[in-house]
Amino acid sequence: MLFRYLLLLLILLPIKSFALIEVDITRGNLSPLPIAVSPLSIDEKSRENFKKILKKENIGSEIAAVVENNLKQSGLFNPLNKDAFLQKPDIANLKPRFEDWNLIKAQALITGKVTLVDEKLRVEFRLWDVLAGKEMVALAFTTIPSNWRRVGHIISDKVYERLTGEKGYFDTRIIYVAEEGPKTKRIKKLAIMDQDGFNNKFLTLGNELVLTPRFNPTNQMVTYLSYFKNLPRVYLLDIETGMQEVVGDFAGMTFAPRFSPDGKKIIMSFAKDGNSDIYTMDLENRIVERITNHPSIDTSPSFSPDGKYICFNSDRSGYQQIYVMSSNGKNVKRISFGKGLYGTPVWSPRGDLIAFTKLHKGKFYIGVMRTDGTGERLLTENFYQEAPSWSPNGRVLIFYRETKTNSEGEGFSAKLWSIDLTGYNEKLVETETDASDPSWSSLLSN
Amino acid sequence: MNRSIVISSGFHILMVIITAMSLPFLSKKPIDLPPIVSVELIQITDQTSIPFAPKAKKIIEKIKKKEEKLVSEQAPPKIVKKIKPDAVPLPDKKIDKIKKIKDKKQNPEKIDNEVKQVSEFEKDDLFDPNNIAALIDKSKVQSAEAINKTDKITQDQEKNVDFAGLSLSEEDALKAQIFGCWSIPLGLPYDQNLLVRIKLQLKPDGSIIRSEILDHARMNKPGQGFYKVLAESALRAIKLCQPLRVPSAGYERWKNLQLNFDAREMLEG
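Respectively, the protein sequence lines represent chains A and B. Residue numbering for the first sequence follows the working numbering, beginning at 1 and increasing consecutively. Residue numbering for the second sequence follows the working numbering, beginning at 1 and increasing consecutively.
Keep in mind that the hints were calculated from the coordinates and are not lab data. For clarity, every value in this text was computed on a predicted model and none was experimentally measured. Even glycine gets a Cβ: it sits at the ideal position worked out from N, Cα and C. Some clues are possibly wrong.
[Unchecked claim] Computed footprint of chain B on chain A, listed as stretches where at least three residues anywhere in the stretch have a Cβ under 8 Å from a Cβ of chain B:
no., region
1, 89-98
2, 124-136
[What the hints assert, rightly or not] In silico lysine-lysine, DSS-like type, Cα no more than 30 Å apart, as pairs:
no., chain 1, residue 1, chain 2, residue 2
3, A, Lys339, A, Lys265
4, A, Lys134, B, Lys221
5, B, Lys62, A, Lys134
6, B, Lys203, A, Lys167
7, A, Lys427, A, Lys185
8, A, Lys308, B, Lys62
9, A, Lys105, B, Lys62
10, A, Lys105, B, Lys199
11, B, Lys203, A, Lys404
12, B, Lys203, A, Lys45
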């Protein structure tokens, strides 16, 4: 009996225990992630062959440079100087010495290998977590050699997605209006380029005025407005095939045609008898449906990504402001209440924000607000800028800005600029000519 | 029967006593008081060896004369025995005299023993005039040790510390360190649950023995791909930061630590 009690006593003796300490980490740094982009290794034979085909000395280094440039431009990564790399590309691709990469403060490492297989370019790449000492992604691509830049963009997208948690936007294109000549006699051509400014092509000759090109969110189709014999026409252009068709001639002024999220409709505004309203057109049966019917000027419509809502700007309150309504034109609600005039609203592909242009006290701003109008943030300010267009992941905006070319305020130059949602990473997008009205495509490879 | 009841009652009472007094009482460590650091307040002018500049000396003398005059208007100055030594004393004498001056000025009734109420360790070395430089160095070490010890010990505090979390300053130091190391992946959907809980087992120096993601299963759930990115970024932050800035004392307290990384606040902006 005594033994039982002793046993019970031992069990019940309070054991010294400590409550687990919890510490909440609710802040971090938003500084760019240090990343090492090692040149992709290439054997001597493949190097010689690619040199003949592509006229590039070392295609491995060229692809790595594309990746490095993309990551740097995003503002979220800090590619480290190659001179500091301690390990050779061919060895790093097999098994990186993480201590060496850790030494130069790299948190992630990209390695890879390029080979020529059956006259095709084969690129392997690996993304490594330097601190954890493990592989994060390993992929291989095979394509025709001339596609080497796209391979670089696809690698960038994979790295971006793996490290940030959202899809990238590098394997995309931008369509815009290329402008040349004096302001009174401007030649405007439709042009397209990769998002980093390379592979620029003109799609029209410049005989007719072209305006507001917009990508279909589901494929590589473009809608734009062009004047034929002083009459506005809405066109559809297939970038892949070069086929073009007229959607329709519309009496009066037509503005800003834009695709619905499923790509089956076009939404735009027509001006009749001085009154502008919003209409949709079904691309299959060409039936036009009136969405708004108000004596005020309603323009710049843009669908939400789920297709349930439309944002547009209207002066029905006396001043140009942004409104949101259901896709059938009901439940119209004003969402912008700040000082100044608001225009060109564009719904983010993520659905959480609406980008806009704001004019206040003679200055133009590009900003974003939540879809209920709260949380307005002005990202950039300038003498004249407008027409924001979202990257497919909803993180970056591209727009155009006009600047005076000399100190006396004479002449002007229009260029494309991009800015991310933080408002800090503003970049000039290089184009061969002056440029306006940009529109960002969806990802070419999903 | 009666015997069993008595034994049962005895053990029950014993258990109640043990429970009431609890284990911290049992594991109480012997008192280890830090040495008292004695601070003596003396007039700088009594001790300084820097001569006044000739101009300043004149001004001071003028002021002194004025003060004397003012005092004399009210009452005749009391004849006080000159305290300051005329000649520079030898090292042995100097310290004795300084002590005397201080005693007379600050607390005349003080007994010699009270002034010397320093630790035995200090008592031996404090007034060794032949080794002043060493004395200064040692006093620095002692004060540093004393500060450390005050952080570490205390019997009364221990009861609280054992079962409490980190103090505010300890927590802030740790947070500040990790804030700097954590690169938040900016593409995460901020309308989702962005909490990653990581349990750590730490060495006394703050380096990591083991880290474990508590909601590991969430990574493989459909539509939760972003969670993996977030968890990896948190693990990178911990690895980058180690050794963590943990308190120098109370290892038992924080050897197991849970960090709750929540990116929502930052991403919502």
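A quick look at each hint next to the structure:
| no. | hint | verdict |
| --- | --- | --- |
| 1 | 89-98 | violated (count 0) |
| 2 | 124-136 | holds (count 4) |
| 3 | A:Lys339 <-> A:Lys265 | 34 Å, violated |
| 4 | A:Lys134 <-> B:Lys221 | 22 Å, holds |
| 5 | B:Lys62 <-> A:Lys134 | 80 Å, violated |
| 6 | B:Lys203 <-> A:Lys167 | 39 Å, violated |
| 7 | A:Lys427 <-> A:Lys185 | 29 Å, holds |
| 8 | A:Lys308 <-> B:Lys62 | 91 Å, violated |
| 9 | A:Lys105 <-> B:Lys62 | 66 Å, violated |
| 10 | A:Lys105 <-> B:Lys199 | 25 Å, holds |
| 11 | B:Lys203 <-> A:Lys404 | 63 Å, violated |
| 12 | B:Lys203 <-> A:Lys45 | 52 Å, violated |
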